[in-house]
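Modelling step: build the complete structure from the supplied sequences, incorporating the hints.
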Amino acid sequence: MRRAIRTAFVWSLVSIAATATAWAHHSFAAAFDMNKPVTVQGTIVQVRLENPHSWFFLDVKDATGKVERWSFEAGTPSGMVRNGFKPGIIKKGVEVTIKGFHAKDPTQNVGMLRELVMSDGTVYGMFGSQQGPAAQ
Amino acid sequence: MKPRLIGLLLVAAFTIALAWFAPSVRTQTRPGAQAESPSAPASPKPQAEAGGPAPRMADGHPDLSGVWWGGSDIGAARGRGARGGGRGGARGGTPPPTFMSLYKPEAAAKAKTLGDKDDPTLRCVPTAFGTLNVSLWDVGAVGQIVATPKMIVMLTETYHGFRLIPTDGRPHRDDQPPAYRGDSVGRWDGDVFVVDTKNFTDNTWMSAEGRVSQHSDQLHIVERYRRVDANTLEIEATVEDPEVLTGPWTAPKQSLVLAPFDRILSLNCSGIETQALMDAAAKQTGK
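In the order they appear, the protein sequences are chains V and Z.
Take the position in the first sequence, starting the count at 1, then add 541; the result is the number in the working numbering.
Take the position in the second sequence, starting the count at 1, then add 1302; the result is the number in the working numbering.
Keep in mind that the hints were calculated from the coordinates and are not lab data.
Watch out, some of these pointers could steer you wrong.
If you want the footprint, here are the derived chain V segments under chain Z, 3+ residues with CB under 8 Å [said to hold, decoys possible]: (1) 589-601; (2) 662-669.
SDA-like mimics (lysine to any residue), calculated; alpha carbons at most 25 Å apart, straight line [unchecked claim]: (3) V:Lys640 to Z:Ile1574; (4) Z:Lys1585 to V:Asp646; (5) V:Lys627 to Z:Asn1570; (6) Z:Lys1555 to Z:Pro1544; (7) Z:Lys1419 to Z:Glu1408.
To spell it out: a stretch of chain Z is covered by chain V in this simulated footprint if at least three of its residues, at any positions, have a beta carbon under 8 Å from a beta carbon of chain V; those stretches are [to be verified]: (8) 1458-1466; (9) 1478-1484; (10) 1565-1573.
Computed from a predicted structure; not experimentally measured.
Glycine included, each C-beta is placed from N, C-alpha and C at the ideal position.
What follows is the structure, given as structure tokens:
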């Protein structure tokens, strides 16, 4: 029985991975390391809703106070807008937390955006969908 | 035996639950989100009654005007109503041939030297093929038709493409340099609008999303647009490219629905970061 539950759990993880892979755009799979999650907190410098993919740029302070520029690639702008991400909703200077996956090139402060969390708890997904207070 | 059976049932239950739940997890779609989109009306509603007859222009031909899509945009749960297209069309059975499956040996050999990072769309160069910007892989899912008696204008959103298609059966123009989307002329065959397109550049691909699908400047596409009813547009296409293909390719039929908004977005494209990232990743992986 325990073995069956363990099998079911493993199958679940495999299914989730397969779903995520199928959903991911080709260049995301090619450019980012899905085994290397990254979370940064910082101040938005620029949001670009552009093709082929949107980008979020933010300044992140490390433990010593040194500021580093990070950028995160998100979904296509049409999808983001039509899924609920209004242009201009995230302004320069806003504090956000971004969770994602690091670029395969470890020398770059670049990631694939999986989740952007606003200070009020609103969460935006990679393609602009949202949940949390602003989504109500 | 019994524990194994329970285990199998658990596996099945988990898998079904995930299949059911996954779309809502990955999209986190919020009811009403589309209604607040700047490109959607406050109360989205179809531009015509579902199932009603196709509207007609003053000259009696079907009016193809409207924003046509697959029923949803990228990243959202798949809308209802759109059919066909996508990943080769038929579900179950033998999948129909793809453009690339008809490559001559030389073209197939060249395709093996290309990869994700070579996809022209990463540099904002559009695909050559895509009925109304709706690619066969459901990407760039919005296109708009503005129909007039003498000209049908097809606008695409993702890479700001347009096609000006005369409807009077005139020949191709001779002053058009080779273009990403070629040169199109049209004619009515009953209620079907037939579009003949050639004079393409050879520096685009047929598909986006890293699917290697190079073609030559001999590419020739014939599309047939039919507004089946008020809310449905069917598109069939035959593609020839004698330089790279062994024979004509029949694209899977696309069936699109009228979007609940009447304007596509104006979107910029700058592939700088994406292309740089792909190049860097390719160096890392040696591909």
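Checked hints:
Given a C-beta distance limit of less than 8 Å, the hint that chain Z covers the region 589-601 of chain V holds, as 7 residues qualify and 3 suffice. Evaluation of the coverage hint for the region 662-669 of chain V: fulfilled, as 5 residues show C-beta separations to chain Z shorter than 8 Å, against a requirement of three. With a CA separation close to 22 Å, the supplied pair V:Lys640 and Z:Ile1574 stays within the 25 Å bound. Straight-line distance between C-alpha atoms of Z:Lys1585 and V:Asp646 comes to about 9 Å, which keeps the hinted pair within the 25 Å bound.
Restraint check: the Cα-Cα separation between V:Lys627 and Z:Asn1570 comes to about 16 Å, which is no more than 25 Å; the hinted pair holds. The suggested pairing of Z:Lys1555 with Z:Pro1544 holds, with an alpha-carbon distance near 22 Å, which does not exceed 25 Å. A C-alpha spacing of about 21 Å is found between Z:Lys1419 and Z:Glu1408, which places the hinted pair at or below 25 Å, so the restraint holds. Counting residues of the region 1458-1466 of chain Z whose beta carbon lies closer than 8 Å to any beta carbon of chain V gives 3, which meets the minimum of three for the stated coverage.
Note: the region 1478-1484 of chain Z has 0 residues with beta-carbon separation from chain V under 8 Å; the three-residue rule is not met and the coverage is violated. As drawn, the region 1565-1573 of chain Z meets chain V at 6 residues by the rule of a beta-carbon pair under 8 Å; at three or more, the given contact holds.
The earlier numbered hint that this structure contradicts is number 9, and it is the only one.
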